[in-house]
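A.B. asks: Okay, here's what each chain looks like letter by letter:
Protein chains: 2
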Amino acid sequence: MWKPNRQSNRPVYLQIADLLGEKIAQGEYPPGSKLPSERKLAEQYKVNRSTVVLAYSELRSQGVIETRPGSGTLVSPFRQRSVPPTPSWQAYADSGNFLPNLPLLRRVREALEHDPGLIDFASGKLSLELVPSDEINRIIAEYRYSPHEGPDLPQGYLPLRQALADFLARYRGIQTTPDSIMVTSGSQQSLHLITQCLLSPGDAIGVESPSFFRSLSMFQSAGLRLFRLPVDDQGICPDSLRTLHRKHRIKMLFINPNFQNPTGTLLSRERRKLLLETASELRLPVVEDDPLGLTGYNGEQAFPLKSEDTASGMLYTGSFSRIAAPGLHIGWIVAPKSILSRLADARRQMDLGFSIIPQHIAAEFMSSPAFVSHLELLRQRLLYKRNLTISALERELPGIVNFNKPEGGIYLWCKLPGEINESRLLEAALQRGIAFVPGGVYGAESGYLRLAYSRPPDQDIVPGITGLADAVRAELQK
Amino acid sequence: MWKPNRQSNRPVYLQIADLLGEKIAQGEYPPGSKLPSERKLAEQYKVNRSTVVLAYSELRSQGVIETRPGSGTLVSPFRQRSVPPTPSWQAYADSGNFLPNLPLLRRVREALEHDPGLIDFASGKLSLELVPSDEINRIIAEYRYSPHEGPDLPQGYLPLRQALADFLARYRGIQTTPDSIMVTSGSQQSLHLITQCLLSPGDAIGVESPSFFRSLSMFQSAGLRLFRLPVDDQGICPDSLRTLHRKHRIKMLFINPNFQNPTGTLLSRERRKLLLETASELRLPVVEDDPLGLTGYNGEQAFPLKSEDTASGMLYTGSFSRIAAPGLHIGWIVAPKSILSRLADARRQMDLGFSIIPQHIAAEFMSSPAFVSHLELLRQRLLYKRNLTISALERELPGIVNFNKPEGGIYLWCKLPGEINESRLLEAALQRGIAFVPGGVYGAESGYLRLAYSRPPDQDIVPGITGLADAVRAELQK
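For the protein sequence lines, the chains are A and B, in the order given.
In terms of this note's numbering, the first sequence is residues 8 to 485.
In terms of this note's numbering, the second sequence is residues 8 to 485.
These are calculated hints, taken from the structure and not from any lab test.
Where a beta carbon is used, it is the ideal one built from N, C-alpha and C, also for glycine.
Take these hints with a grain of salt, some might be off.
Below, in silico cross-link-like pairs of lysine to any residue (SDA-like), each with a Cα-Cα straight-line distance of 25 Å or less [stated by the list, open to error]:
| no. | chain 1 | residue 1 | chain 2 | residue 2 |
| --- | --- | --- | --- | --- |
| 1 | B | K53 | A | P166 |
| 2 | A | K422 | A | R177 |
| 3 | A | K47 | B | D186 |
| 4 | B | K41 | A | E315 |
| 5 | A | K41 | B | T317 |
| 6 | A | K485 | A | N409 |
| 7 | A | K47 | A | Q69 |
| 8 | B | K41 | B | R114 |
| 9 | B | K30 | A | C244 |
| 10 | B | K10 | A | P166 |
| 11 | B | K422 | B | L390 |
| 12 | A | K53 | B | P166 |
| 13 | A | K10 | B | Q182 |
| 14 | B | K280 | A | A32 |
From chain A, some residues computed to sit far from chain B (all C-beta separations above 12 Å) [to be verified]:
| no. | residue |
| --- | --- |
| 15 | R17 |
| 16 | S64 |
| 17 | V71 |
| 18 | T250 |
| 19 | H255 |
| 20 | G306 |
| 21 | D467 |
Can you build the whole structure from these sequences, using the hints too?
C.D. replies: This is how it looks when you write it as structure tokens:
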């Protein structure tokens, strides 16, 4: 990210004018295109808005840009007589099948990108000290790249699929073969493949409510109709599944039973059984996302429903990002072979897989003894972070905030009293240097917050909750 | 890939029956699903067909599978009474927005996957000795993974985008900034993003004819209507562009001007000028794919049209796969900033970028002095392979095969006399251990073959062409 040089003799506003002039000359902002608002640019470059006002005024006086009432600041269409006409790029940017992502989510992401100093209860990434970097570097040091390992691997690098089959049998109770596994660049790609290749626009699907699936504009972009099954402190309630299925002919059910995103709940034993039976009876395919199943705090691990799926009625997705190394970007899908062939064939139209290097590293790490000790440490450290977060909340907002204690995972689902203006609360928190995700993003009613406590370093958690509590109190007084 | 153990006491047919039984038990082939044909399985496991017949017979006698006239061999639907009903997976595999890939292409890929011993004039990959593995291993040896380098990079790792901006200015004559570049996992993903995010179903686009774009079912899957502009020995003829645009309102033009896939032609200077002028006048965005521009044999490099695009009217895509290291899976898109923001936002619904490790390696390699000498060597070696291929063809099929000599790149576009049964010629060549791609895949009339001479090691080229010539003669006599 560009920053003004405050030691320079050239005033900051002229530095900004130079930079923008250069971007315009290089076609980054073509003639007639809209420039960012003054406010946005000021935030981005961390300068006063008045500085941007001056920079724009300078460019206006050079004839490079113009400001039109109601349409903001534009690059002058006839900046140079010799410049030929440009396609109306904005019309293209507004086309296509993808809906824009949710505004509140985009706001959170933007804030995290522009201010790395924020205390981040939003992203759900691993705290830096929890990433097994030493072990990964040990594996890299021993790695030798060989061009023999071919590039086109839509189903993924075979040694990783073999390691995954072992991993799934050993840690997740799933018996499968490398042929039934596809490697993806993470859960997002797994779900994208499933929705794009196995469902058609207009199809109805069932999702938990609240649910992170609701936050994935991907589903709406694919033209799917989403129907909700409520989640309480025992997880998703399968009772209404039959009615939903009859009424809307839902074609697939998406669940996240282990330490659910965003509520942190673990689906109870009884409901698992009922859910499997009902789905099997309805011949309804269930997609289970299981990124956090290995993070149960109490020793007894949370197994996926897939481990009890005797009817081959489920697709299973998992990922390395929330439990080990987000930088490797490794996810996977387990599916019947007919489905995997279809996914692999369709994937050739999207990408041809990705580099084997991170796949090799993931395979080695999963099979190493270091993996077991890493998981053990991870659970202890997440439990510690959960406790820090909870006690800070109880101290700062006693009687104001409510939550259930998660027994694994990384999410604390908080309820504030009454109606809350979520966007205003988010801005108030961001102003205090704290990021979180408002519950509305997940389809919850007003007043919920998702705090992901895996990312902030321990020493930031108490100041983070203090700042958040301050924002909450300010908002509640309005 | 599983292979029978020929040293074992257990007969091979029972080994195969065991393997299939296990796969069925593990749900890889769910009850009611179809098993591969005997012929296919025999090919896959490299056994006689009669061995597979015996294996299937064994499983049939166990009641695990059944053969129904007209529908092949199926897993028995009521294999175990306790198994609950399974979703009708086949119906799901037939859904979704993705059309299956072209049968002839799938056939070639299958053959290459199952028989690594084939002499490969099909894939267009780099020959192993042309991959700069030593240099890549030197970079890996110096690399240290750091979790600071965040995971969510839909636009790509910044140091790589910086290296790409330098690379594009230095080698491709394109002035741009890291903000206007997106890193992708290769050209396929670049084109997928462009078609999915900037075009809508029903839109018309222009493509060269013949063209590898025609082989990408991706375009048809996106619901686009393809209109052709003919390619001759000077490259694409832009004359009909205006008529096409008026008649079909084409919204985007896709071109591959440098050593085109499949014809190997270089678009002439005059046509470049005319194409740019016409597109600009029509305000028609042009997407230029440029994977081979750096492989001109005669020292004078082929620059992309994008380097003359003063109107910001073009999108530009490139890749590392055909010129350096296919295993890194690195491609890029250059686009105006408004378009890139749109692509990055939409990409969050597909994947969240990919691992920084290959991105780091690519950035280092591109900026190293070794890159220059690698390119020099690559050009010399490709020219040598071209000459070997051409002289073998002239010796083996004099007066029968016609082609133009490509002055760069990796493709030789061959014409045989009269009508050819492409599928039969392909099978005849595969039987002789040779793979190529029939021209019909690229929308050419009957009788064309694409020979990509980059992949086979030098010593395989003459035997490969001899085998191919034998298949051609056999086919012409039919």
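A.B. asks: Next step is simple, just say for each hint if it's right about the structure.
C.D. replies: Hint check results:
no., hint, in the structure
1, B:K53 to A:P166, "holds, 22 Å"
2, A:K422 to A:R177, "violated, 37 Å"
3, A:K47 to B:D186, "holds, 16 Å"
4, B:K41 to A:E315, "holds, 24 Å"
5, A:K41 to B:T317, "holds, 19 Å"
6, A:K485 to A:N409, "holds, 20 Å"
7, A:K47 to A:Q69, "holds, 22 Å"
8, B:K41 to B:R114, "holds, 19 Å"
9, B:K30 to A:C244, "violated, 33 Å"
10, B:K10 to A:P166, "holds, 16 Å"
11, B:K422 to B:L390, "holds, 21 Å"
12, A:K53 to B:P166, "holds, 22 Å"
13, A:K10 to B:Q182, "holds, 21 Å"
14, B:K280 to A:A32, "holds, 21 Å"
15, R17, "holds, 20 Å"
16, S64, "holds, 22 Å"
17, V71, "holds, 15 Å"
18, T250, "holds, 19 Å"
19, H255, "holds, 17 Å"
20, G306, "holds, 27 Å"
21, D467, "holds, 15 Å"
Going down the numbered hints, you'll see the structure goes against 2, 9, while the others check out.
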